[in-house]
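A.B. asks: Sequence:
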Amino acid sequence: MLLLKVLIDSHSASTNLIYLFVAFAITWIIFFIYAFFVSKRRQEVRDEITELHETITRPQNDV
Numbered sequence: 043m044l045l046l047k048v049l050i051d052s053h054s055a056s057t058n059l060i061y062l063f064v065a066f067a068i069t070w071i072i073f074f075i076y077a078f079f080v081s082k083r084r085q086e087v088r089d090e091i092t093e094l095h096e097t098i099t100r101p102q103n104d105v
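Sequential numbering of the sequence shown, starting at 43, is according to my numbering.
Just so you know, these hints were derived from the structure itself, not from any lab.
Mixed in with the good hints, there may be bad ones.
Simulated restraints, written as ranges between beta carbons of each label pair [said to hold, decoys possible]:
| # | residue 1 | residue 2 | range |
| --- | --- | --- | --- |
| 1 | Thr69 | Gln102 | 47 to 57 Å |
| 2 | Val87 | Ala67 | 27 to 37 Å |
| 3 | Ile60 | Arg83 | 44 to 54 Å |
| 4 | Glu90 | Phe66 | 33 to 43 Å |
| 5 | Leu94 | Phe66 | 40 to 50 Å |
| 6 | Ser56 | Arg83 | 39 to 49 Å |
| 7 | Ala65 | Gln102 | 36 to 46 Å |
| 8 | Asn58 | Phe79 | 25 to 35 Å |
| 9 | Lys82 | Gln102 | 42 to 52 Å |
Predicted, not measured: the structure shown is a model, and the values here were computed from it.
No residue lacks a Cβ here, since even glycine has one placed at the ideal position from N, Cα and C.
Let's have the full structure, built from the sequences with the hints guiding it.
C.D. replies: Next comes the structure, spelled out in structure tokens:
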């Protein structure tokens, strides 16, 4: 009886480890997707700032 309980508990534990691993993997995948989009947006903002800076510092021809 004790052996049966141990076998059932160990099977549940390994099944739970699979769910834990899947949740862990999904979390990291979501994190890397988020980091990619944040990095992409950061570069776009940096480009806009550079363009604005060039526009502001460009000499104006007052006619």
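A.B. asks: Work down the list of hints and note, for each, if the structure agrees.
C.D. replies: Checked hints:
no., hint, result
1, Thr69 to Gln102: 47 to 57 Å, "holds (52 Å)"
2, Val87 to Ala67: 27 to 37 Å, "holds (31 Å)"
3, Ile60 to Arg83: 44 to 54 Å, "violated (35 Å)"
4, Glu90 to Phe66: 33 to 43 Å, "holds (37 Å)"
5, Leu94 to Phe66: 40 to 50 Å, "holds (42 Å)"
6, Ser56 to Arg83: 39 to 49 Å, "holds (41 Å)"
7, Ala65 to Gln102: 36 to 46 Å, "violated (58 Å)"
8, Asn58 to Phe79: 25 to 35 Å, "holds (32 Å)"
9, Lys82 to Gln102: 42 to 52 Å, "violated (33 Å)"
Violated hints, listed in ascending order, are 3, 7 and 9; each of the other numbered hints is respected by the structure.
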